[in-house]
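Build out the structure end to end from the sequences listed, making use of the hints.
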Amino acid sequence: MQLAEVQDNRFRPERTLRVRVEFVRQLRRRRTQLAALVLLVLPVIIALAFKVSSETDSSGGGGGGPGRPGGPALVNLATTGATNFALFTEFAAVGFLLVVIVALFCGDTVASEASWASLRYLLAIPVPRARLLRQKLIVALSLSFGANLLLPAWAYLVGGAFFGWAPGQSPLGGTFTTGAALQRLLIVVAYTCVQSLLVAALAFLLSVLTDAPLGAVGGATMLVVVSNILDSITALDPYRRFLPTHFQYSWLDALGQNIIWDDMMRGTGLILVYSAVFFALAWWRFQEKDILS
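Reading the sequence shown from the start, the letters are residues 78 to 370 in my numbering.
The hints are simulated quantities; they were obtained by calculation from the structure and are not laboratory data.
Computed from a predicted structure; not experimentally measured.
A hint or two may mislead.
What the hints assert, rightly or not - Derived CB-CB ranges, DEER-like:
{"hint": "1", "residue 1": "Asn335", "residue 2": "Leu227", "range": "26 to 32 Å"}
{"hint": "2", "residue 1": "Ala113", "residue 2": "Thr255", "range": "24 to 30 Å"}
{"hint": "3", "residue 1": "Gln260", "residue 2": "Val96", "range": "28 to 34 Å"}
{"hint": "4", "residue 1": "Asn335", "residue 2": "Thr311", "range": "23 to 29 Å"}
{"hint": "5", "residue 1": "Arg106", "residue 2": "Phe173", "range": "19 to 25 Å"}
{"hint": "6", "residue 1": "Trp361", "residue 2": "Gly250", "range": "47 to 53 Å"}
{"hint": "7", "residue 1": "Arg105", "residue 2": "Ala312", "range": "47 to 53 Å"}
{"hint": "8", "residue 1": "Leu349", "residue 2": "Phe173", "range": "18 to 24 Å"}
{"hint": "9", "residue 1": "Leu249", "residue 2": "Met342", "range": "15 to 21 Å"}
{"hint": "10", "residue 1": "Arg106", "residue 2": "Asn335", "range": "43 to 49 Å"}
{"hint": "11", "residue 1": "Ile310", "residue 2": "Arg206", "range": "39 to 45 Å"}
{"hint": "12", "residue 1": "Leu234", "residue 2": "Arg102", "range": "26 to 32 Å"}
{"hint": "13", "residue 1": "Gln364", "residue 2": "Leu104", "range": "26 to 32 Å"}
By construction, the Cβ of each residue, glycine as well, lies at the ideal position given by its N, Cα and C atoms.
Shown next as structure tokens:
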């Protein structure tokens, strides 16, 4: 009789920890709101900085731009219109700011529940472990991709308001029509979203391994920074081509008159392999983990 009652208690594991509930919960958190505020304020600050520098440029030009191929050209073209301003803002943020934000969203998933001592209660509802990871990851990736879309879209609007809506100019020479410029910007955003999977997978794996959210976020960020440092050492050729961040800026190949897909395809394949391995390790470790806190 008791067994029949247990089997007929209308409990459905698929109804636990719904995506909508988790998504609203994460949107209400202060770190999500702070990250959105930073993404909205940054393009305005950059635009104001360009305005101030253009007014005081009589004393002579400054040094070169960011130390990546195409960086100086993007700096020089940033004030020519909305598209170029959005491209420069993306270039300036993709190396660190977006890395930190994606690591924050994905590294704070499981580790935060463990640090609040609520993880064992979620599993006692009981929420199946695989479902808990899946729901957490869906929300974290949604927020991460949202951040990667919000920054260039908002920067495009800010650039248009400050510098006009002139056709986009290629750092390699030539101009684009408005439609072609938006198409290139969309390719850039799509590629950076794919590249952010590496940070998401790293942070998610570390979030499963630790109960300190800052450790997961900082660890993922540090590993990406170390990979970028190693990638800058040309003496490591040809082995540095296998570093996960080697093709991070290959989206610059989309800014010429003809799009060169080779490095972007290699970078996409490399990131998908690394990400699949890290996500698989996270799933395996969490399924075997003994939840004590």
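Here's how the hints hold up against the structure:
1. Asn335 / Leu227: 26 to 32 Å: holds (29 Å)
2. Ala113 / Thr255: 24 to 30 Å: holds (28 Å)
3. Gln260 / Val96: 28 to 34 Å: The hint (28 to 34 Å, Cβ to Cβ) holds, given that Gln260 and Val96 are roughly 31 Å apart.
4. Asn335 / Thr311: 23 to 29 Å: For Asn335 and Thr311 the Cβ distance comes to about 27 Å; the hint holds.
5. Arg106 / Phe173: 19 to 25 Å: holds (22 Å)
6. Trp361 / Gly250: 47 to 53 Å: Roughly 50 Å apart at Cβ, these two residues keep to the hinted range, so it holds.
7. Arg105 / Ala312: 47 to 53 Å: For Arg105 and Ala312 the Cβ distance comes to about 49 Å; the hint holds.
8. Leu349 / Phe173: 18 to 24 Å: With Cβ atoms ~23 Å apart, the hint holds.
9. Leu249 / Met342: 15 to 21 Å: For Leu249 and Met342 the Cβ distance comes to about 20 Å; the hint holds.
10. Arg106 / Asn335: 43 to 49 Å: holds (44 Å)
11. Ile310 / Arg206: 39 to 45 Å: For Ile310 and Arg206 the Cβ distance comes to about 41 Å; the hint holds.
12. Leu234 / Arg102: 26 to 32 Å: Roughly 29 Å apart at Cβ, these two residues keep to the hinted range, so it holds.
13. Gln364 / Leu104: 26 to 32 Å: With Cβ atoms ~28 Å apart, the hint holds.
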